[in-house]
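Chains F and C supply the protein sequences, listed in that same order.
Count along the first sequence from 1, then add 270; that gives the number in this note's numbering.
Count along the second sequence from 1, then add 270; that gives the number in this note's numbering.
Hints are computed from structural coordinates only; laboratory data are not their basis.
We put the CB at the ideal spot given by N, CA and C, even for glycine.
Please note that the accuracy of each hint is not assured.
[Said to hold, decoys possible] Straight-line C-alpha distance at most 20 Å; calculated EDC-like pairs for lysine to aspartate or glutamate:
(1) K390(C) with E385(F)
(2) K390(F) with E382(C)
(3) K390(F) with E385(C)
(4) K321(C) with E385(F)
(5) K321(C) with E382(F)
(6) K390(C) with E327(C)
(7) K321(F) with E382(C)
(8) K390(C) with E382(F)
(9) K321(F) with E385(C)
[What the hints assert, rightly or not] Here are some of the chain F residues that sit facing chain C, going by a computed Cβ distance under 10 Å:
(10) S346
(11) T349
(12) L350
(13) E385
(14) R386
(15) L388
(16) L391
(17) M407
(18) T410
(19) R424
(20) M447
(21) L450
(22) S458
[Stated by the list, open to error] Calculated from the model, a selection of chain C residues having no Cβ within reach of chain F, i.e. all distances over 10 Å:
(23) E275
(24) E288
(25) E292
(26) R331
(27) F332
(28) V363
(29) T366
(30) V370
(31) R371
(32) E400
2 protein chains.
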Amino acid sequence: MGRWEPNAPGRLQQAAFELYTERGYDQTTVAEIAASAGLTERTFFRHFADKREVLFEGGDRFRATLVDAVDAVPPSATTLEAVTAGLKAAGSVFPTPQLVRRRQALILANPELQERELIKLASLAASLGEALRRRGMPDTAAELAAETGVAVLRIALTRWIEDPVERPWEVHVSEVMDELRRITAERSGVAHGLKRSMGSGRARAEASAVLG
Amino acid sequence: MGRWEPNAPGRLQQAAFELYTERGYDQTTVAEIAASAGLTERTFFRHFADKREVLFEGGDRFRATLVDAVDAVPPSATTLEAVTAGLKAAGSVFPTPQLVRRRQALILANPELQERELIKLASLAASLGEALRRRGMPDTAAELAAETGVAVLRIALTRWIEDPVERPWEVHVSEVMDELRRITAERSGVAHGLKRSMGSGRARAEASAVLG
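So that you can see chain F by itself, here it is in the shape it has in the complex:
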């Protein structure tokens, strides 16, 4: 075993962030990250499986916090309330929106990193689905609610890191959940929040003809 290095994962992550941003992800080696953090390659690989994983630090903690929060929601709460509570609680794991924004920009710039991100999100959806099944939801409903919850997470995250007035994470989760409720509650002829207009009777009839 190597000697203990104080906060090695944090130092490696910060060094990686800086090198990935300056030189690009592809042009950065593990040796360079370790050197820049004043650590060895061996120490790097004790904490991260590869060059990609360093950007997904905290993912396990995010998942655990989300799942624990969903498990803690009383059974009388609705599915969406449970998912909302989980997403809000998991936000405590995020660093500042500025750091998350840098991370997302790095991921967006590299297909390999995007793939890893998608795999992580799929795995997160599976864990959330299990938590919802523990609440007594049937398989299909649990899977659907979990996938939808992850869609809400992604969109709330984008809004949170791009919010010029930096409203809290919880506010963005609530807003996107409200948007989801609005979209799914829409009825023909009152699409996009517009009131029924005089012409909508014919339009609805046309829609019915097409949509069966």
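Once you've looked at the hints, dock chain C against the given chain F.
Below, chain C without anything else, positioned relative to chain F:
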């Protein structure tokens, strides 16, 4: 250019399916697929970028059919109606449920293929989101509806290929969409389709305390 081979993509795909199923995806080479289809490696690479792509044949047609159908839905229809019409129409691109089931089993057995599948689905969600923006939806709502639509697609697909009585694709899309509407319309105290019970008043109060 090589000579024209009748239905080369179909023959290569069938050969690949059989070899992937018999020997496993990792153990199969492009040379073996081509030989088994009575074609050359060069012909393989004229139709598919790599060993993975052969399993995603038809993906572009699926996307185009989905987007065209969404574009054709009258403006008076709701977002969910438009997405539903798109998903139902795109089902015409699927081969038999048996073939799709074999394909999904192959993908599920291999992390590389899962990654490619997730990338394809993310790209499909982006195209669907663009189609919804063309209908006048704001960015966030369009992205959320598109991601949710892809979640519905995935779950409807699983149900369709596992349905012992082989009900049509359209039925499964409708059922999963109805489930989505049900989940998002739930109110506290009537979770999981249960009627309010005598104890639900206190349970709701507890839920409110936790959920804020």
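Now the hints, each set against the structure:
Our distance criterion of 20 Å between C-alpha atoms is met by K390(C) and E385(F), whose separation comes to about 10 Å. Taking the CA atoms of K390(F) and E382(C), the gap is about 14 Å. The hint holds against a cut of 20 Å. The hinted pair formed by K390(F) and E385(C) meets the criterion: a straight-line CA distance of about 10 Å does not exceed 20 Å. For the hint linking K321(C) to E385(F), the alpha-carbon distance of about 17 Å falls within 20 Å, and the restraint holds.
Between K321(C) and E382(F), the direct Cα distance comes to roughly 18 Å. Compliance with the 20 Å bound is thereby established for this hinted pair. In summary, the hint linking K390(C) to E327(C) is supported, as the alpha carbons are separated by about 11 Å, within the 20 Å threshold. For the hint pairing K321(F) with E382(C), the CA-to-CA distance comes to about 18 Å; that is within 20 Å, so the pair holds. As the CA atoms of K390(C) and E382(F) are separated by approximately 14 Å, the hinted pair is consistent with the 20 Å bound.
Among the hinted pairs, K321(F) with E385(C) is consistent with the structure: their alpha-carbon atoms are about 17 Å apart, no more than 20 Å. The beta carbon of S346(F) comes within 3 Å of a beta carbon in chain C, closer than 10 Å, and the hint placing it at the interface holds. With a cut of 10 Å, the hint placing T349(F) at the interface with chain C holds, because the nearest CB-to-CB distance is about 5 Å. With a least beta-carbon distance of about 6 Å to chain C, the hint placing L350(F) at the interface is held under the 10 Å criterion.
Interface restraint check for E385(F): the shortest CB-CB distance to chain C comes to about 5 Å, inside 10 Å, so the restraint holds. With a cut of 10 Å, the hint placing R386(F) at the interface with chain C holds, because the nearest CB-to-CB distance is about 8 Å. Interface hint status for L388(F): upheld, as the beta-carbon distance to the closest one in chain C is roughly 4 Å, under 10 Å. Given the 10 Å rule on beta carbons, the hint for L391(F) holds: about 8 Å separates it from the nearest Cβ of chain C.
With 10 Å as the threshold, the beta carbon of M407(F) comes within range of chain C, its nearest partner Cβ sitting at about 7 Å, so the hint holds. Among the interface hints, the one on T410(F) holds; its C-beta lies about 6 Å from the nearest C-beta in chain C, closer than the 10 Å criterion. Given the 10 Å rule on beta carbons, the hint for R424(F) holds: about 7 Å separates it from the nearest Cβ of chain C. Hint status for M447(F): holds, given a least beta-carbon distance of 9 Å to chain C, under 10 Å.
Residue-level restraint check for L450(F) holds (minimum Cβ-Cβ distance to chain C is 6 Å; threshold 10 Å). Annotation: interface hint on S458(F) holds; nearest CB of chain C at approximately 6 Å, less than 10 Å. Separation of E275(C) from chain F is adequate, the least Cβ-Cβ distance of about 31 Å exceeding the 10 Å criterion. Listed as a non-interface residue, E288(C) keeps its Cβ farther than 10 Å from every Cβ of chain F; the least gap is roughly 27 Å.
Residue-level check passed: E292(C) sits 27 Å from the nearest beta carbon of chain F, beyond 10 Å. Distance check for R331(C) against chain F: the nearest CB is about 21 Å away, which clears 10 Å, and the non-interface claim stands. For F332(C), the non-interface assignment is confirmed: its Cβ lies about 18 Å from the closest Cβ of chain F, beyond the 10 Å cut-off. Non-interface status of V363(C) relative to chain F is upheld: no Cβ of that chain comes within 10 Å, the nearest being about 19 Å off.
The claim that T366(C) is not at the interface with chain F holds, since no C-beta of that chain comes within 10 Å of its own (minimum 22 Å). With a closest Cβ-Cβ approach of about 18 Å to chain F, V370(C) is found to remain outside the 10 Å limit, as its non-interface label requires. The Cβ of R371(C) lies farther than 10 Å from every Cβ of chain F, with a closest approach of about 17 Å, so its non-interface assignment holds. With a cut of 10 Å on Cβ distances, E400(C) stays outside the contact zone with chain F, its closest approach being about 15 Å.
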